[in-house]
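Heads up: the protein sequence lines correspond to chains W and A, in order. Residue numbering for the first sequence follows this note's numbering, beginning at 1 and increasing consecutively. Residue numbering for the second sequence follows this note's numbering, beginning at 1 and increasing consecutively.
Incorrect hints may have been included.
The list cannot tell twin chains apart, which means a pair is met if one copy fits it or any two copies do.
Calculated pairs, DSSO-like style, for lysine-lysine (alpha carbon to alpha carbon, straight line, at most 30 Å) [as the list claims (entries may be wrong)]:
id, residue 1, residue 2
1, Lys211, Lys88
2, Lys11, Lys270
3, Lys172, Lys270
4, Lys303, Lys204
5, Lys172, Lys204
6, Lys301, Lys211
7, Lys110, Lys11
8, Lys211, Lys172
9, Lys83, Lys110
10, Lys110, Lys88
Keep in mind that the hints were calculated from the coordinates and are not lab data.
Protein chains: 2
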Amino acid sequence: MPDTNRQLLLKSRPTGLVSRDNFDAVASPLPELRDGQALARIRFLSVDPTMRIWMSDREGYLPPVALGEVMRALGIAEVISSKHPEFKTGDLVFGMTGFQEYVLLGAGEKVPFRKLPAIPGVPLTAFLGVLGITGITAYFGITDIARPQPGETLVVSAAAGATGSIAGQIGKILGCRVVGIAGGEEKCAWLTDELHFDAAINYKQSGWKEKLAAACPQGIDINYENVGGDIMNTVLSRMNLHGRVVLCGLISGYNQEDPALASFATVLIKRLRVQGFIVLDYAPRYGEAVAQLGQWLAAGKLKDRHTVVEGLDRAPDALAMLFTGQNIGKLIVRL
Amino acid sequence: MPDTNRQLLLKSRPTGLVSRDNFDAVASPLPELRDGQALARIRFLSVDPTMRIWMSDREGYLPPVALGEVMRALGIAEVISSKHPEFKTGDLVFGMTGFQEYVLLGAGEKVPFRKLPAIPGVPLTAFLGVLGITGITAYFGITDIARPQPGETLVVSAAAGATGSIAGQIGKILGCRVVGIAGGEEKCAWLTDELHFDAAINYKQSGWKEKLAAACPQGIDINYENVGGDIMNTVLSRMNLHGRVVLCGLISGYNQEDPALASFATVLIKRLRVQGFIVLDYAPRYGEAVAQLGQWLAAGKLKDRHTVVEGLDRAPDALAMLFTGQNIGKLIVRL
Numbered sequence: 001m002p003d004t005n006r007q008l009l010l011k012s013r014p015t016g017l018v019s020r021d022n023f024d025a026v027a028s029p030l031p032e033l034r035d036g037q038a039l040a041r042i043r044f045l046s047v048d049p050t051m052r053i054w055m056s057d058r059e060g061y062l063p064p065v066a067l068g069e070v071m072r073a074l075g076i077a078e079v080i081s082s083k084h085p086e087f088k089t090g091d092l093v094f095g096m097t098g099f100q101e102y103v104l105l106g107a108g109e110k111v112p113f114r115k116l117p118a119i120p121g122v123p124l125t126a127f128l129g130v131l132g133i134t135g136i137t138a139y140f141g142i143t144d145i146a147r148p149q150p151g152e153t154l155v156v157s158a159a160a161g162a163t164g165s166i167a168g169q170i171g172k173i174l175g176c177r178v179v180g181i182a183g184g185e186e187k188c189a190w191l192t193d194e195l196h197f198d199a200a201i202n203y204k205q206s207g208w209k210e211k212l213a214a215a216c217p218q219g220i221d222i223n224y225e226n227v228g229g230d231i232m233n234t235v236l237s238r239m240n241l242h243g244r245v246v247l248c249g250l251i252s253g254y255n256q257e258d259p260a261l262a263s264f265a266t267v268l269i270k271r272l273r274v275q276g277f278i279v280l281d282y283a284p285r286y287g288e289a290v291a292q293l294g295q296w297l298a299a300g301k302l303k304d305r306h307t308v309v310e311g312l313d314r315a316p317d318a319l320a321m322l323f324t325g326q327n328i329g330k331l332i333v334r335l
Numbered sequence: 001m002p003d004t005n006r007q008l009l010l011k012s013r014p015t016g017l018v019s020r021d022n023f024d025a026v027a028s029p030l031p032e033l034r035d036g037q038a039l040a041r042i043r044f045l046s047v048d049p050t051m052r053i054w055m056s057d058r059e060g061y062l063p064p065v066a067l068g069e070v071m072r073a074l075g076i077a078e079v080i081s082s083k084h085p086e087f088k089t090g091d092l093v094f095g096m097t098g099f100q101e102y103v104l105l106g107a108g109e110k111v112p113f114r115k116l117p118a119i120p121g122v123p124l125t126a127f128l129g130v131l132g133i134t135g136i137t138a139y140f141g142i143t144d145i146a147r148p149q150p151g152e153t154l155v156v157s158a159a160a161g162a163t164g165s166i167a168g169q170i171g172k173i174l175g176c177r178v179v180g181i182a183g184g185e186e187k188c189a190w191l192t193d194e195l196h197f198d199a200a201i202n203y204k205q206s207g208w209k210e211k212l213a214a215a216c217p218q219g220i221d222i223n224y225e226n227v228g229g230d231i232m233n234t235v236l237s238r239m240n241l242h243g244r245v246v247l248c249g250l251i252s253g254y255n256q257e258d259p260a261l262a263s264f265a266t267v268l269i270k271r272l273r274v275q276g277f278i279v280l281d282y283a284p285r286y287g288e289a290v291a292q293l294g295q296w297l298a299a300g301k302l303k304d305r306h307t308v309v310e311g312l313d314r315a316p317d318a319l320a321m322l323f324t325g326q327n328i329g330k331l332i333v334r335l
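Let's have the full structure, built from the sequences with the hints guiding it.
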């Protein structure tokens with residue numbers, strides 16, 4: 001039995017890119033196992049963009065890692081000693097292991113560790129990738145949020161990353177035209193040659209925006225967004241009416257405060273649904289609205305107010321009034 | 001019969017606020033009526049924020065008004081002469097009248113003019129307000145996009161405007177707690193005293209953000225957004241998990257190019273649905289995903305790739321690698 005545990009504690013919050021200086025490496029004594037606990041040696045640690053958010057003190061979907069705490073991370077560990085009713089020596093488990101060599105199971109963790117099945121031909125690391133949180137993320141992002149129809153065009157950013165590469169492949173399985181955006185020729189070659197994406201765009205090459213347009217001749221129906229910023233804006237600008245954006249990550253903004261991304265970060269963290277809306281789409285149902293509005297109006301439940309400007313010549317002034325807040329209720333020009 | 005028609009033509013595109021200088025006032029001869037046409041005298045013109053978009057050469061949901069064209073506007077007109085089978089003298093009609101004194105019906109307009117019913121007790125101008133496009137917009141925005149549940153908190157920006165004032169009232173009818181944001185005490189008093197909003201926040205007063213928070217003790221479930229910018233960001237920051245944003249207008253950005261608003265403008269114009277997504281919400285269904293992913297993996301339809309970094313001490317470097325694009329596929333630390 002080992003008696004010390006090497007751990008990386010969060011020492012300081014990064015201001016830009018994460019560096020070693022943000023961590024303290026310490027050797028902590030391993031406690032005696034109590035009843036109901038097991039000790040596991042960590043075999044693999046998952047490294048995910050969201051960890052950059054956990055390191056900051058920004059509001060997130062999980063509380064920040066406190067300074068002095070072991071850095072939070074998902075991982076796979078092997079049980080080496082157990083007084084836990086569910087785990088025995090040799091079991092492989094998945095959970096929040098943290099950046100350390102050993103982890104105690106049954107020590108009050110919020111989400112219990114989960115035993116991993118041994119599946120012939122499936123390497124253990126698959127449970128951090130395609131069969132792990134990233135694969136599950138891609139699965140629900142595509143099947144439940146995007147809900148693609150065969151023939152639709154799906155664009156995935158950070159397409160050579162863990163989640164993007166699975167999201168794009170699921171899009172292909174479901175019959176989409178799939179275009180990936182990634183940084184570098186090797187990544188792009190992998191996407192098209194091995195994963196059979198219909199096209200891959202290297203955003204580090206000049207002219208990539210035109211290439212993206214050419215790769216999406218029918219426009220873009222779905223954006224699986226991992227990046228934000230200029231990449232997202234470029235994709236959005238080519239989207240078709242009534243397209244869907246699965247806002248899964250905004251990695252371009254994790255290392256600096258980007259005010260242009262602040263709202264989208266809120267949309268992501270709070271899982272908001274933002275729906276662009278122009279009433280023209282409802283033209284066939286205008287009658288239904290007018291009937292209900294008229295009924296509410298007649299019943300005194302709705303009140304209507306107008307600000308009236310007199311004369312055609314003052315119509316331009318009226319238009320300006322809208323933006324200087326001089327009207328209350330509906331602004332009308334009477335001729 | 002009149003023989004000249006005073007018209008306001010778009011002379012130049014505004015750079016900031018609309019001004020009279022953007023228009024040319026001309027007197028054009030009125031043509032003889034042909035068979036199938038009617039002449040109507042314009043009685044009321046609608047003035048709407050979206051007209052500012054039509055005046056720019058930005059991509060929109062309708063083409064820009066061309067320079068030299070009569071300024072596009074909705075309005076109500078009275079038929080004064082007719083060779084049209086559907087309209088007779090005295091009929092009141094609604095449609096794209098434009099900024100002019102007279103309009104020709106049956107002259108190739110894309111959306112036909114619509115005859116207005118005479119409803120006792122309902123003033124004609126209601127067909128530009130509560131029973132017009134703005135009322136219809138509020139109706140579908142609330143009932144079809146937001147779909148409020150009784151007891152939910154709805155925040156409306158530009159709440160004393162034509163659409164916002166109706167949207168908030170519909171929210172009240174449907175049982176919401178409704179909080180309006182408007183600029184000025186008179187507007188706020190109207191919202192609470194006459195329209196019975198639960199609270200109204202004057203964003204021109206210091207401390208308005210704290211007042212908004214206090215007025216929404218249960219957080220915000222629905223944002224009916226007409227403004228964008230700082231007002232939208234403030235509302236978003238107080239929204240509850242899984243809230244809905246009806247993106248109906250971004251009036252704060254219509255008079256200047258605001259890069260932070262560009263993406264939201266695209267979401268609005270293209271009626272996109274942007275959904276923030278964090279896989280934790282799907283925890284009860286993880287098994288379903290893993291089963292399907294495992295099946296695709298076994299069938300060779302999904303490929304998994306890892307970039308492996310060796311040793312706990314390199315875990316911080318691995319985290320930085322994610323943001324400098326050095327990994328392909330899933331990034332893992334092996335201990």
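Now the hints, each set against the structure:
Proximity of Lys211 to Lys88 under the C-alpha cut-off of 30 Å is found in neither arrangement, the shortest distances being 54 Å within a copy and 56 Å between copies. Proximity of Lys11 to Lys270 under the C-alpha cut-off of 30 Å is restricted to the intra-copy arrangement: shortest distance 28 Å within a copy versus 45 Å between copies. Taking CA atoms no more than 30 Å apart as the test, Lys172 paired with Lys270 passes in both settings, with 29 Å inside one copy and 25 Å between copies. When the C-alpha separation of Lys303 and Lys204 is checked against a cutoff of 30 Å, the pair qualifies only between copies, where the shortest distance is 25 Å, while the shortest distance within a copy is 56 Å.
For a Cα distance limit of 30 Å, the shortest separation of Lys172 from Lys204 inside one copy, 25 Å, qualifies, whereas the shortest one across copies, 51 Å, does not. Only between protomers do Lys301 and Lys211 lie at most 30 Å apart by alpha-carbon distance; the minimum there is 27 Å, versus 54 Å within a single protomer. In this assembly of identical chains, the alpha carbons of Lys110 and Lys11 lie at most 30 Å apart only when taken from the same copy (23 Å versus 66 Å across copies). Taking the shortest Cα distances, Lys211 and Lys172 sit within 30 Å of each other inside one copy (20 Å), while across copies they are farther apart (49 Å).
Taking the shortest Cα distances, Lys83 and Lys110 sit within 30 Å of each other inside one copy (19 Å), while across copies they are farther apart (78 Å). Taking the shortest Cα distances, Lys110 and Lys88 sit within 30 Å of each other inside one copy (21 Å), while across copies they are farther apart (75 Å).
Hint compliance for this structure: hint 1 alone is broken.
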